[in-house]
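Asks: Sequence:
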Amino acid sequence: MEKVFWDGPDFSLSQTLECGQCFCYRKKEDNLYTVISGQRKITLGQAGDSILFYGDADIPYWKEYFDVERDYQKIKQKLSGGDPVLAEAITFAPGIRILKQDFFEMLLSFILSQNNHIPRIRGLIQRLSAAYGTPLAEGGYSFPAPTQLFGVSEDTYRQLGCGFRGRYLADAVEKVLAGGFMPEDLEKLSTEDLRQRLMSICGVGQKVADCILLFSFGRYEVFPMDVWINRVYSHAYCDGKKLSPKELQAEAAKRFGTYAGFAQQYLFYYGREKKIGKG
DNA sequence: ATCCAGGATCTCC
DNA sequence: GGAGATCATGGA
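Going by this note's numbering, the letters in the first sequence line up with residues 608 to 886, in that order.
It should be emphasised that the hints constitute simulated quantities derived from the structure, not laboratory data.
All values derive from a computational prediction rather than experimental measurement.
Here are the computed lysine-lysine pairs in the DSS-like style, where the Cα-Cα straight-line distance is at most 25 angstroms:
id, residue 1, residue 2
1, K848, K885
2, K795, K814
3, K814, K848
4, K848, K882
5, K814, K881
6, K707, K610
7, K861, K814
8, K685, K881
9, K861, K848
10, K882, K853
11, K782, K707
12, K795, K782
13, K707, K634
14, K849, K861
15, K848, K881
16, K881, K634
17, K707, K814
18, K685, K707
19, K610, K634
20, K670, K634
21, K707, K681
22, K610, K670
23, K707, K635
24, K861, K681
25, K814, K885
With these hints in hand, go ahead and build the complete structure from the sequences.
Replies: Take a look at the structure:
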């Protein structure tokens, strides 16, 4: 019944989905993953290097989503050279790929991520989807489209458990519906211009903007800096000494260059799983 | 039970 | 322009 979705190296379904870049997936008992992106849904499994899919799905969309065509071998070799720490992080999860996710979903998801735990972020997104998304065949809900959130108040988001982030969600939805954030327009902007545009939304600072740049717009040179990256970086490269955000950004850009985003995700997952720099 | 989370903002100076 | 308090909530 299953068909081959992709057959190739450097692709672990579990590592790619569970490394913290994606919140809209569900793992079933039989090791199958159901992923939702916008209105789309796919069920995938893995056997060796083969990624399999079950039922119907928009395969071209999902191939772009999973970045299947990119040569990660080249990226990993370049990043591993002369960097034992990063080499170990890559060995720990060699099958991570950077997903290309929906803009609006990334915007709201990473607004919700601030000062929040990953399991709780996923719960909030599930509640948001159940309340305002579209029911999908065989269970689950789509991520709400901007129009589906039209007029939803800050207070309603708070009642869903979003806390102080409710105000930010309402501002983001309002600005998107006003038309200033069409992905086809945004992708033409330079990385710095796009970052500044995103940060004009209340509740979007540099870290949230950088996650959107990396996980939705494929700006692989950005290096999102969160608490874990701070810990890992200072532990791995600075003998435990903490760097200021500006220092860290400059160092990471110098050290990882145009592959900073990939390096960040390997280091983030490794650091968080190993609890590096934390008691 | 207390701590803390893929931070951002506001308020000081 | 940098340091510090504040923000809601619930998983661990």
